[in-house]
Each structure stands twice: as structure tokens, then as C-alpha cells.
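Enquirer: Going line by line, the protein sequences match chains E, R and W. The first sequence runs contiguously to residue 103 in my numbering. The second sequence runs contiguously to residue 1325 in my numbering. The third sequence runs contiguously to residue 2163 in my numbering.
Calculated from the structure, these hints are not laboratory results. Incorrect hints may have been included.
[What the hints assert, rightly or not] Which bits of chain W does chain R cover? Going by a derived footprint, with three or more residues having C-beta under 8 Å, they are:
1. 2024-2034
2. 2057-2065
[Unchecked claim] Covered stretches of chain R, as calculated for chain W (at least 3 residues, CB under 8 Å):
3. 1142-1155
4. 1235-1243
5. 1292-1304
Being a predicted model, the structure only gives us computed values, none of them experimental. Heads up, the beta-carbon is just placed ideally off N, CA and C, and yes, glycines get one too.
Single-letter residue listing:
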Amino acid sequence: MTLGLTHFLVVSSLLFCLGLYGVLTRRNAVAILMGIELMLNAANINLVAFNKYVAPAALNGQVFTLVVITLAACEVGVGLALVMAAYRNLETVQVDRINMLKW
Amino acid sequence: MNWGSEIAKAVLAAVGMFTFLAIVAAMFGVLLERKIGGWIQSRLGPKHVGPQGLLQTLADTLKLLQKEHVTPRAADALVFNTAPLVVATAGLMGWLVIPFGTLGGAVLVVRDLNIGILFFAAMASMTVIGILAGGWASNNKYSLLGALRSASQMISYELPLGMALVAVAMEAGTLSTVGIVRAQDGWMGSFIFRQFPAFVIFLVAATAEVNRVPFDLPEAESELVAGYFSEYSGMRFSLFMLGEYAEMFAMAAMTTTLFLGGWKGPLLPPLVWFFLKMYLVVFFMMWVRWTFPRFRLDQLLNLCWKILLPAGLIWILVSGYRITF
Amino acid sequence: MGTLAAFLILSAVTLIPAVVVVTSKNIVRSALALIPTFLGITGLYVLLRAEFVAGIQVLIYAGAITVLILFVIMLTEGGTGIRIRQVNEQVPVGALASAALAALLIWVFLRTPWPKGPGTIPEYTATQIGTTLLSSMVLVFEVTSLVLLVSLIGAIIIARRER
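Given only the sequences and the hints, what does the whole structure look like? Please build it.
Expert: Here is the structure:
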């Protein structure tokens, strides 16, 4: 069996669902961000795989992947800044203990 | 079975390269540093072991090998033992794209990747992970502080390093190291003349990337015991040292490839020219080490973010303008 | 056959540490397990003839984002080393939901007949990506740089100490 598009799609679906499990079940805010990173990477694998197997004429898939990597870096930066600010004021980063709007 | 022979060739080339580097970079480099330091400070370096002290590093390595390796009790054993491996591997992987010269008609390079300098920058940034993991896993305040300082310094200085690489890639029109050497024809065409600011930025950023004086606050003995490798002994310590020296030599080799014309030169064979230029840059780095005092952390980060980063951006702008018009 | 073996090894290197990332009780180990995941994804990109994206993935994801995550872990609660319960009470529901989504996605992907477009990927993707970014996708490029600038300023302001 030669390597085809569906192999990459199966791997990226599994990675996406692992990231989703991480987002749904973890208490630490940084661990949730790590799950989000896994989901973004799964989407990137999809983009590059579709670029090679379905639309190889232009490199739009790879360019879009670069944009997604850039935006993921921005999002992680701002998200972690928020986590640090929250830790400084609320003294915890467990998200199920941050349940009151006014401290 | 084409892929089988390809894998065998790649493994053989990598093993050969790493062995060669362990001898040239680690052993010979450490000895060179001590001899040059002695010469600058008007004293003799090691001269007792072997003729003129040439076997000194061999003796040191044998001594380190037979030391007991201690793992602190509350440390995370898996991470503690893997961290030196990551640092050593990342330092050695950067050598895969450096062209040593031509032999006959073929270029002596392990693999001429078409994203050569991007791969080199990526391997230089992998070292940070090993340092952070090692400092964390030692369960020791001084190690953790040294690791955090070192990591923040190294990721800050990757930016000017990348900008210098981008300027050179623009001038040469390719990311491949062999292509960059081929684009510098004659000794007047070397990029050190056309891209002199990029050369200065690259040299400063490279010195900071390998944690050498004047940027060696993370390893300062007077402040942090030994920084992130305080708790390491024996073979782990020598793996850290190997990674650091291999990366310093890799930065020197990359400087000759990008700016000094690689293997090109009039009379001698190309291999000899490459090593001559590389050892010139290494001598310069060691000269700087024994001359300057150490930067404070805020001076170090000031230099990166307020001076080198704007200089790199402005140079990319000027260089792009100059190439287009 | 060789590419299939390489694909299987790289998928294992990607998926097994990803399981460690989402289930480990030690958050520093989760963060360190992100690195083999990202390196496995780099290998998958190289298999898909996207070598420039692979280089950028190592440089940014494994080299910078992981370091950022480790820094924040060490500067907040994870750095104290105290054993805190890491998973909340939604574990069975979460596992069921993700497994169901995985099954649905894989079933859809395996049943769809994907068309094959014309053309091939060029040998040297970096030049082509640069040309595309500055000619036909220049608006995307400019907007992305603006987003980078805004998030840089925003992150600095949010993370500062109150004076």
C-alpha cells in the first residue's frame, strides 16, 4: 500500500482529538494552551497534505501553514501573558478555581 | 533497496562527522583555548602531558570518564539524564550542512540541504531546550536561575542571528550553504565586504548564542557556581562541554562559509583554506574571551533588543534596496 | 515502501508523546513531551515535500514556543513541584467526545474520493513561497505582520507588573 492522502488525514484527526481531550480535561491553563497547540498542528498537517495531493499547482497550502504558525505563536504569547497576569492577581492558574468575576 | 543504502550512507556520514568533531572541536579546541589564554596572559598553558601538552584534553577526558555519575535524589532522573544528550546532539547536528571544500569535482558536505542556513538556525535554537531541561531537572536553585538566564539570552540573540542570515540569503539568492559559497567569487567578492554590518551582527550574536565571554553570565563561576550544569559530573558534564564547543566551532565554520568565502583561495587545496579561515575565526573568538570582562544581564539584553535588532532590520532594508536598484 | 515505513515511524514519534502531553501528571513532563511531537510533525512535512515549512516548524515551535511554555510553567504554579491534581472531573465525557469526533472524522476521510489536481510541487519551495507571499498573497502577509506587532505590544503590556 503506497502512501496516500488518507494516511496523513488519519494522523491529523488523531492528533486533533488528542488536543481536544487535553483542552477538555486539564485544569492548568498552560496545559490547555498546549492542547490548543496540538490542534493547530493537526490543522497544519491537513493543509500541507492537501496541498501536495489535491492542489499541487500553487503553494497556497504551505503559505497558509506559515500564516497559521505565525498566528499560533502570537496567540501563545498573548495567552501566556494573560496566564502570568492572572497568576499574579489570583494566585492560581487552575481554571476551575477561577470562577468568580470579582475577587 | 535504494532507501536502505541511503540510510546506511547517512548514518555512516553522521558517525564519521561526529567522531571527527569530537576530536577537532572538543579535544583540540579546549587545548587551543588554554594555550591561547596562556599566551595572552604571558604564561605557558598546559605543557606537561605529551609533547607540548597536546595530550592534555585526552587525559582530562579519561579522568572525567572514570568519575562517578551522581544523580540528585529529588531530581527527575529521566529528564536529568537526557538533557546533556539534547545539548550535544543539537550542537553536532548543525555541522550537517557545512561544506568543507571540494575534492575532485564534488563538494565535501554531509548533505547539501536546500534550506541549509534555516536548518542551521533551527539546530542552534534546539540547544535552549536541553539547557532549560537540565537546569530544571537538577532540582537546584542556582541551576534553575542559570538555566533561565541562559535560555532568555539565547532566544533573544537568535533574532539578530536570523537577521544576519536573512541578509546573506538575500545577497546570495539561495538558502543553501554550497550556493552561498559559490555566490562569492574571488576574494574581493566575499560577503564580508558587501555585507559587513551583517558580519558584525552575526559574530556578536554567535558569541552570545554559545554562551561565551563576554556573554557568559549563565556560566559565571563567581555568581552561579557553574550555572545550569552545577549538578552534572563525569560523562554528562563532558557531553555539555562537547555540545558547547561543537556549537562554537559550528558558528565559526558558518561564519567562514557565509562571509569569508568558504573554501575558496588561490594556491592551497580548498580543505586547507577552509580550516585556515575557520581557525582564524576561532582564534578571534578566543582572543575576545580572554580580553573583555563580562556583561551584566541587563546590559546584555539591552545590546540585543535595543542595538542589534534595529541594526539588523535597518541593514535588511538597506541591503534589499541595494540589491534591487 | 520506504516512505511508508518512514511515515509509520514518524507518526508513532508524533502521536505517542502527544498522549503523554495530554495525560501526564507532571506538567513539566507534558511540556517536554511536546518536543518529540513537533519534531515528528517536522518529519511529516519533509515527507510531504514542504521543507521550508519543516525548517520553520523546528525553529518556531520546537525552539521558541516550547521554551515560552516552559518559562511560564516555571514562573507560575507548576514550578513549585507540589503535586496538584491535573485533570478535572470531565475525564469520561471528554474522552468519549474526542473518541467520537475522531471516529467521525476518520470515517468521513476514508469514504471521500479525493480528486487529484494538476501540476507538481516545485523542487525548491522556499523561492516559490517567497514569490507567492509578496505577489498574490501580499495582503495576507501585511495583515499577519500587523497581527504580530499588535500581539507583541499586547503581551508586553499585559505581562508587566503594576507600577
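Enquirer: Compare the structure with each hint and give your call.
Expert: How the hints compare with the structure:
Residue count for the stretch 2024-2034 of chain W with a Cβ under 8 Å from a Cβ of chain R: 4. That meets the three needed, and the coverage hint holds. Counting residues of the stretch 2057-2065 of chain W whose C-beta sits closer than 8 Å to any C-beta of chain R gives 5, which meets the bar of three, so the coverage hint holds. Look at the stretch 1142-1155 of chain R against chain W: 5 of its residues bring a Cβ nearer than 8 Å to a Cβ of that chain, three or more, so the hint holds. Coverage of the stretch 1235-1243 of chain R by chain W is violated in this model, with 0 residues showing a Cβ closer than 8 Å to a Cβ of that chain against a need of three.
Only residues whose beta carbon comes within less than 8 Å of a beta carbon in chain W count, and the stretch 1292-1304 of chain R has 0; fewer than three means the coverage is violated.
Going down the numbered hints, you'll see the structure goes against 4 and 5, while the others check out.
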